[in-house]
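Engineer: Since the structure of chain A is provided, determine the placement of chain B on it from the hints.
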Amino acid sequence: MTATQETDRVTSPSPSPFRKPSRPRRLRGTRGGRIAAVLIVAIILLPLVPLVINSFARGYVFPQLVPAEWSIRAWRIVLATDGGTWEALGWSVGVAATVTALSLVVGVPAGRVLGLRSFRGKRLLEFLVLTPLLVPAVAVAIGLDITFIRLGLSGTFWGVVLVHLILAAPYAVLVLAGVFANYDADFEAQATTLGASTLNVFRHVTMPAIKPGLIVAGFFAFIVSWSQYVLTLQIGGGKILTLPVLLVSTANGGDASITGALTIVSVLPVVVLLAVASRHVVRAGLGTTGT
Amino acid sequence: MPSFGNRSLRTEPRRSAPSLIRDRSWPKLLPALVVIVPLFAAAFILAVIQSLGYFPLIGLRSFNVDAYRSLLGHGEFWQSLLVSTWIAVMAALLSTVLGIAMALGIRKIWRRSGRLAFLSQLNLPIPHVIGALAMVHLLGQSGLIARLGHATGIIEAASEFPAVVYDPFSVGILAEFVWKDAPFIAIVALGVLGTVGESYESVAASLGASSWQRLHHVTLPLLVPAVAPASVIVFAFAFGSFEVPLLLGQSFPSALPVLAYRLHTNVDLGVRPEAMALAVVMSLVVMAATLLYLALVRRLLRREKM
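Listed in order, the protein sequences are those of chains A and B.
Each residue of the first sequence is one higher than the last, beginning at 736 in our numbering.
Each residue of the second sequence is one higher than the last, beginning at 4 in our numbering.
Think of the hints as simulated: they come from the structure by calculation, not from any bench.
Glycine is no exception: its CB is placed at the ideal position from the N, C-alpha and C atoms.
Only pairs whose alpha carbons sit at most 30 Å apart, straight line, appear in this in silico DSSO-like list of lysine-lysine:
no., chain 1, residue 1, chain 2, residue 2
1, A, K857, B, K31
2, A, K946, A, K857
3, B, K31, A, K946
Residues from chain A that keep clear of chain B, each with C-beta distances beyond 12 Å, as calculated:
no., residue
4, R793
5, R808
6, R811
7, G825
8, T891
9, L934
10, R938
11, K946
With the rest of the complex left out, here is chain B:
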């Protein structure tokens, strides 16, 4: 879980009274919790109930695990799970590596050029729908890159351009996520680098550390506490994204969210419990993966400190 920042050292110790009830500050949390938790919890609980076959709308009133059995028995589910896992892992990995590289490359001129700083964040607010459409027109077989290939004589026909959109390896999808998320990681990394400054690295350098040693033993360990939670967000988002695989992915096997939506909007209402089961399974997979990842990061950090 991304931490909410550490308490400032300036804050006086008397403020750390452990009970929110005693000093009556708990009501301040209520509005946010009321807005976030009940609807979200309701969505999850309702999905669980409906996935267990309780679906009065279509005359189902019993509880059973048929939907799960049927879902997990489908080869398509496992293929889609593989697709989504591949997308999420690769998106997180590539965005993190490239984002850190980007931050290290850009920080040298960051403070001097406000315009560059602005441009490097330009795609931060751009919706994924637009990123996905952009990738279709950039990487598709009649996209800009293919046209450049034709103009330079590398390819003769559109069909000669490798299929990187609607392809089995989800290259187009990954391109979209990396394009959007590497700058996101870079901003997080730059935030840390800006706060910490270069003093540690300078000390390491003056003690004779090579630039590789500085990167490995000084810069990267400084980045982990902030970049790791950010990369978890990238992972979870890529795993759960609907519109990006919808617009850029192959139709079979599709990513899990696309499969879930297709099951949910199927004219045969009888597969609704399966759609709900898939929603539940998807959510559990993401949460389990996230907790596992954060546990690994925490262990890594503890080892670094010793």
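One chain only, chain A, in its complex shape:
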């Protein structure tokens, strides 16, 4: 890519933006592009390699490149039924699933209005919805700390769900607004004219049309909650031990094999979700962030 650019610049010293017309270039399918893509994927996967090696190694110290001794000890400890892993997995899935469901419930109507309508004060509303994504999570966490303790929400499932929602719901609204911006509400009117009830219109007209958007919005809400660390730590008060919270305390414990195994446990569920949502993520292309 760069090489062609360089040669093009050398062969066209003319300051005029237009050279004499040449045959249109082929813009796709070069070998360089293919190699670049494989390289990109390799770089994306590389940081995960030592975690995986660590999880199956024993005494994997510098300068071993390949572990001197392989072992499933770490996996036995991490997957043991009395260890904290399953409980943490339960908290993570429970919180993230609840946050996702609530984000979609509030996100669909709001996304519809913001996507389909233009009205006075729309920019202000968008700003209100999106500010939580800009402000440091630590600031929210310590700002709410004492109040959540006083309200009895600290250290509770719903307390953690509530603070996660501050960050997850804006993503859902954002994605769904983008979906509704390309949605033709006239189909609903036609169905109504033909006698469909409100519920049936939603089930048979609206729902199928926005389903890919719902999947993407839900996926984002889920991973926002799944990845949350400092809000869970502060508001969960050591009682709601989700995977990220368990992971940091395990990493501080210093056993790299157990940390490695636990990271894989934390990554697998969302990677599976990505595999499911992937087609839709690509297609929606996050085109919601502007067109």
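Structural biologist: Frame of chain A; chain B shown alone:
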């Protein structure tokens, strides 16, 4: 602010009645606003109140700006501000440049290989906690790269490997953000490139534009409206991230969020107002930087159009 997409041209004009109150569609916005705004606003207002020294829990009931004075008088605050600004600016810059390059490199085969498309997004859902731990084991002095260096005879001991984790230039932190966020920018860019197609570029090419001219005058201007808001998100996130500098950063001076958390969890409750003041200052800095950046982008776009 990322825009919520433009209204479809297909939508009939009668739907653009400017009042949400007249046609009673405003209640649809309420659930989302109720979930997002009050808690967030409460967090901010409570932080402001407590930063002004009103802290009944520890017997403080007066209003003053002592906490701000003390915070801004600390050299550590300014050093941490520098660290966080460096991290945020570099993370946004590097992720944006590499993300766009990645999108341009990958789009040629994007549609043909679903598997590659999937793999290039693989780290999108991976929590930053895990990204940070991965970087410790990849870039640390006894990490995989250092081991490769030893295996190939470049270094003899772990201590010879340059310290890029817990280092003053936050290299490890930046590596983590770029690793996570360049693919994010790339997805946004690919979304635009996929929607717009290659017709503009083909036209430019047939008119004799070089590939550099096509990139500079056609492709990049097409990308700005979507990529700019995405890079703002990267900036704000990198500025406010807690776990990444916690796991990969030097302990002094630390990034602002780590400093804020340390002040907040200090056994001496007397520094709590300072922690709150820092939370407020941090939030204001991010918002000011964001608005400034978006204003610049908007001006740039307006100039491009003329």
